[in-house]
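For the protein sequence lines, the chains are A and B, in the order given.
The numbering of the first sequence is our numbering, which starts it at 1 and goes up by one.
The numbering of the second sequence is our numbering, which starts it at 1 and goes up by one.
Errors might be hidden in some of the hints.
[As the list claims (entries may be wrong)] Only pairs whose alpha carbons sit at most 30 Å apart, straight line, appear in this in silico DSS-like list of lysine-lysine: (1) K129/B / K329/A; (2) K325/A / K431/B; (3) K212/B / K332/B; (4) K337/A / K212/B.
[Said to hold, decoys possible] Not everything, but these chain A residues come out facing chain B in the computed CB check (under 8 Å): (5) Y224; (6) V260; (7) A313; (8) Q319; (9) Y336; (10) D365; (11) S439; (12) N469; (13) T470.
[Stated by the list, open to error] So these bits of chain A aren't anywhere near chain B, every CB distance computed over 12 Å: (14) I17; (15) A104; (16) S199; (17) K268; (18) V285; (19) R314; (20) G345.
Rather than coming from a laboratory, the hints here were simulated on the basis of the structure.
Here the structure is a predicted model, which means the values were calculated and not measured.
Even glycine gets a Cβ: it sits at the ideal position worked out from N, Cα and C.
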Amino acid sequence: MELNRLTIHELLDNKEIAAPDIFDSLARRIKDVEGKVKAFVRVDRTESGQPRQNPQAETLLKGIPIVIKDNICVKGSLTECCSKILQGFSPPYDATVITKLRAAGAAIYGLRANMDEFAFGSSTENSCFGASRNPHDPSRVPGGSSGGSAACVAADEAIAALGSDTGGSIRQPASFCGVVGLKPSYGRVSRYGLIAFASSLDQIGPITKDVRDAAILLSVIAGYDEMDSTSQRIPVADYTKALTGDIKGLKIGVPKEYFVEGVDKEVKDAAREAIEVFKKKGAVVRDISLKYTEYAVPTYYIIATAEASSNLARFDAVQYGYRPKLPAKASLIEMYKKARGEGFGQEAKRRIILGTYVLSHGYYDAYYLRAQKVRTLIKGDFDRALNEVDCVITPTSPSCAFRIGEKLEDPLSMYLSDIYTISANLAGIPAISIPAGMSKSGLPIGIQILGKAFDEATVLRAAHSFEQNTEWHKIKPNL
Amino acid sequence: MEYETVIGLEVHAQLKTNTKAFCGCRNEFGLEPNSSVCPVCLGFPGSLPVLNKRAFELAIKTALALGCRIQPLTKFDRKNYFYPDLPKNFQISQYDMPLSLNGFLQIEEEGYKKRIGIKRIHLEEDAGKLMHEENNSLVDFNRAGTPLMEIVSEPDMSSPQEAYDYLTALKLILQYLEVSECSMEKGTLRCDANISLREKGAKALGVKAELKNLNSFKAVKAALEYEEIRQRAALEAGGKIIQETRLWNDASLKTVPMRSKEEAQDYRYFPEPDLISFTIGEKEVEGIRKTIPELPLKRRQRFSDDYGLSRYDAGVLISDRLLADYFEGCLKIRNAPKPIANWLNGPVMSFMNERGASIAELGIRQGDLIDLIALVEDGTINNLTAKDVLREMLQTKSSPRDIIKQKDLAQISDSGELSGLIEEAVRENEKTVADYKAGKVSALMFLVGQVMRKSKGKANPNLLQDMIKRRLS
Chain A
1 MELNRLTIHE LLDNKEIAAP DIFDSLARRI KDVEGKVKAF VRVDRTESGQ PRQNPQAETL
61 LKGIPIVIKD NICVKGSLTE CCSKILQGFS PPYDATVITK LRAAGAAIYG LRANMDEFAF
121 GSSTENSCFG ASRNPHDPSR VPGGSSGGSA ACVAADEAIA ALGSDTGGSI RQPASFCGVV
181 GLKPSYGRVS RYGLIAFASS LDQIGPITKD VRDAAILLSV IAGYDEMDST SQRIPVADYT
241 KALTGDIKGL KIGVPKEYFV EGVDKEVKDA AREAIEVFKK KGAVVRDISL KYTEYAVPTY
301 YIIATAEASS NLARFDAVQY GYRPKLPAKA SLIEMYKKAR GEGFGQEAKR RIILGTYVLS
361 HGYYDAYYLR AQKVRTLIKG DFDRALNEVD CVITPTSPSC AFRIGEKLED PLSMYLSDIY
421 TISANLAGIP AISIPAGMSK SGLPIGIQIL GKAFDEATVL RAAHSFEQNT EWHKIKPNL
Chain B
1 MEYETVIGLE VHAQLKTNTK AFCGCRNEFG LEPNSSVCPV CLGFPGSLPV LNKRAFELAI
61 KTALALGCRI QPLTKFDRKN YFYPDLPKNF QISQYDMPLS LNGFLQIEEE GYKKRIGIKR
121 IHLEEDAGKL MHEENNSLVD FNRAGTPLME IVSEPDMSSP QEAYDYLTAL KLILQYLEVS
181 ECSMEKGTLR CDANISLREK GAKALGVKAE LKNLNSFKAV KAALEYEEIR QRAALEAGGK
241 IIQETRLWND ASLKTVPMRS KEEAQDYRYF PEPDLISFTI GEKEVEGIRK TIPELPLKRR
301 QRFSDDYGLS RYDAGVLISD RLLADYFEGC LKIRNAPKPI ANWLNGPVMS FMNERGASIA
361 ELGIRQGDLI DLIALVEDGT INNLTAKDVL REMLQTKSSP RDIIKQKDLA QISDSGELSG
421 LIEEAVRENE KTVADYKAGK VSALMFLVGQ VMRKSKGKAN PNLLQDMIKR RLS
């Protein structure tokens, strides 16, 4: 049996499987295909990277390895955000999600997934370790910024992975790679130990082979954390119990603003067909309007870059990370300039400059403050819509995976690939991307289901029902 | 043209909490460098701040005591600037929604009373500390993340003396509230001053200078006095003041320019996304209000009214909260406000000053002090001896009665013993005796002194004086 091909729940169902065998199976697969996929930035075999043997055999995750995006802190294990400026950074603490995974018996093998530097990007090309590839077509990107996490799950180099989502960084790569990606509500999962990109938008979430695994992982990592003031004291359910298969009477909204020009026909068609599947299972579908949709991208890029410029200010070579070679009499300013000049990549610099600009004196009102107001309007849009329907269905991305290098010189078109995912972060609501089709050229197409804040259960129930009635999630790449 | 001075002060007080503003590290002065740090106060990637509720309560307590309006909704902001001892390269502070606004502080000094407006009081975190060696700069992050309360006054002070009085009054209130240690040496109290001059009677403010590096109340006053003269001279010469930050140099007693507004920082304030804005319940505010003790001015009034003390005596007592508490403790043993106040403000305070010790550190039991006063009153010892007994009490912690017995210090009120000593003195000072008889009154005191010396200070001075007068009449 090729254990690496299985899901978490399949492994849990089979009590005979021993934890080391799972890892061996993954290791063989990694050896075979990683050369093509380049999903990982390192496999940390030091003590801290090893699974902790949990004496209690009845733990939920029983030694199942989980791949971790490079921006989530693992104690004593390099965590570099795929940025030169964090070279050699080994945090003295575990992120709360890691603590929770360990407590549930998961194995953190030090398998670290590639990502866009500081999660800045939609293609995983902006990594100081080089680009990852889409397992379905290695000439294409896996999406970003959690491209490594999505690619390794799609390529069966992993059972499941954690990613982070600031504007679609879990859902868009999940869609491009044909796997499941869930962004929980803002405040559902502790951000403690997640190296911040944009604090008011970031959220950690699972990337898995199917919806049930997403539900299992969310049940483990969700919950209030006293170390994170933005996490909420809202009870966490066992989300697998939500997967009833029954969506009779479920009210689904389809926003007309997401089915406009500029969306690939294949993507539109797949989404329409998906909606028919929901209808067949008894869901009530109605057209809705989210009229501020067109402002989501500019709003997002103002808020996200503003916060990022501030969050990234701490990387100054004083305490940790990359320290440049300096002439003997170099001043402090020279050190800052050299460290940041050499340490940050192109996209990081672009965003820092943009963020600094929108916050600067005289521009704050015109940009940042206005963006915050529009953000409130966008949130209001969703509040109103989700008052009338239980969830909203949209395409995840307007297109399938694009070619490596295709959008690198055109940041604006790159930014637009997150156009359908960004709103959920601005509104703080949960959203999942699930496989819902294949293009003629053999690339996965995803649809997105968005729900009310903290109502992950409904989102998962709808996604699971669709999955039960389709085969898209079973399509494996040819590697 | 006549000018008037306009002064506003920004005071930073480090709050007396067990832990730092946004993490669980100890908030303590003098620890080994970088021994009280964690990922949060070091601003490590992925770490997040969590507000110290105690720091918040202490700031609210201060705001209430200073008559400020507590804001129902408050939030934190980030103040962005690069500095090597600022771990995140931004400071968590409060910008447009501080926790309180619009209070005042009453100063009452000899000759005047004045209300100084308080513009705002807000919370923020401190940075670390840099130490420069010849070729290296070292950073100690122990102070990074310690809770600071910033108290910003209105530009209501019109002289350096008023600024000095404001600071003294403010420090006293903070000490009464037990919210801050208020030590300028330890940096737990810091002050920046803004000063400008304007034509007398004008409404608009003049161009100001911001003075930094003021490390004592005296320095604040001296720097403001210097700046007053400098600005007036410049204006009178037809020059212009430029808005700038100036540093006070304690050695040269001058202010020197640090940076002008042209190169001033753009702090790019924006809401701290890691701390959600929050509301303060009326109930919580009222709970904190109940913890506010009687404040200095009120206490001074009560000391005058209830105990019949002079304003001066009451003022001296209340200027040290512990001393005032001690005073009231003594009153519970014996209701004799005036002698007790005299003793505390006199000999006891000079011992405190001599030793740089608080009343608690002197360690005089209240019962012993009352006893000592009684022993003077009943003539067992005289005032002079009593001071020696007090000194002995501090050293040996013995009771005054034991000391008097042990050292045989009891006053000589036995006329037989005294008349012997008087005869001796009269014999030895014939000329003085003659002077006295010739009408020179001061000669009497000389003789009293001579006899006192012979008695080793133990003679009862009143009795002695009477006896000498009688002997010479």
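Consistency of the hints with the structure:
1. Of the supplied pair hints, the one linking K129/B and K329/A holds, its CA atoms being roughly 22 Å apart against a limit of 30 Å.
2. Of the supplied pair hints, the one linking K325/A and K431/B is violated, its CA atoms being roughly 92 Å apart against a limit of 30 Å.
3. At roughly 46 Å between alpha-carbon atoms, K212/B and K332/B are farther apart than 30 Å, so this suggested pair is violated.
4. With a C-alpha separation of about 28 Å, the suggested pair K337/A and K212/B falls inside the 30 Å cut-off, and the hint holds.
5. Against a cut-off of 8 Å between C-beta atoms, the interface hint on Y224/A is violated, since the closest Cβ of chain B lies about 12 Å away.
6. This hint is violated: V260/A has a C-beta 31 Å from the nearest C-beta of chain B, more than the 8 Å allowed.
7. Annotation: A313/A was flagged as interfacial toward chain B, and the flag holds, the nearest CB pair being 4 Å apart, inside 8 Å.
8. Because the closest C-beta pair between Q319/A and chain B is about 6 Å apart, less than 8 Å, the hint holds.
9. Among the interface hints, the one on Y336/A holds; its C-beta lies about 6 Å from the nearest C-beta in chain B, closer than the 8 Å criterion.
10. Annotation: interface hint on D365/A violated; nearest CB of chain B at approximately 12 Å, more than 8 Å.
11. With its C-beta approaching chain B no nearer than about 37 Å, S439/A sits outside the 8 Å limit, and its interface hint is violated.
12. Below 8 Å, beta-carbon pairs count as interface contacts, and N469/A has none with chain B, the closest being about 40 Å; its hint is therefore violated.
13. Taken as an interface hint, T470/A does not check out: its beta carbon lies about 38 Å from the nearest beta carbon of chain B, beyond 8 Å.
14. The claim that I17/A lies off the interface holds: its Cβ sits roughly 33 Å from the closest Cβ of chain B, which is beyond the 12 Å cut-off.
15. The beta carbon of A104/A sits about 20 Å from the closest Cβ of chain B, which is more than 12 Å, so the claim that it is off the interface holds.
16. Non-interface call for S199/A relative to chain B: violated, since the shortest CB-CB distance, roughly 4 Å, does not exceed 12 Å.
17. Annotated as non-interface, K268/A keeps its C-beta farther than 12 Å from every C-beta of chain B; the closest such distance is 35 Å.
18. Here V285/A stays apart from chain B, with its beta-carbon at least about 36 Å from theirs, past the 12 Å limit.
19. At roughly 5 Å from the closest C-beta of chain B, the C-beta of R314/A falls inside 12 Å, breaking its exclusion from the interface.
20. Every C-beta of chain B lies more than 12 Å from that of G345/A, the closest at about 16 Å, which supports listing it as non-interface.
Hints 2, 3, 5, 6, 10, 11, 12, 13, 16 and 19 from the list above are not met by this structure, while the remaining hints are.
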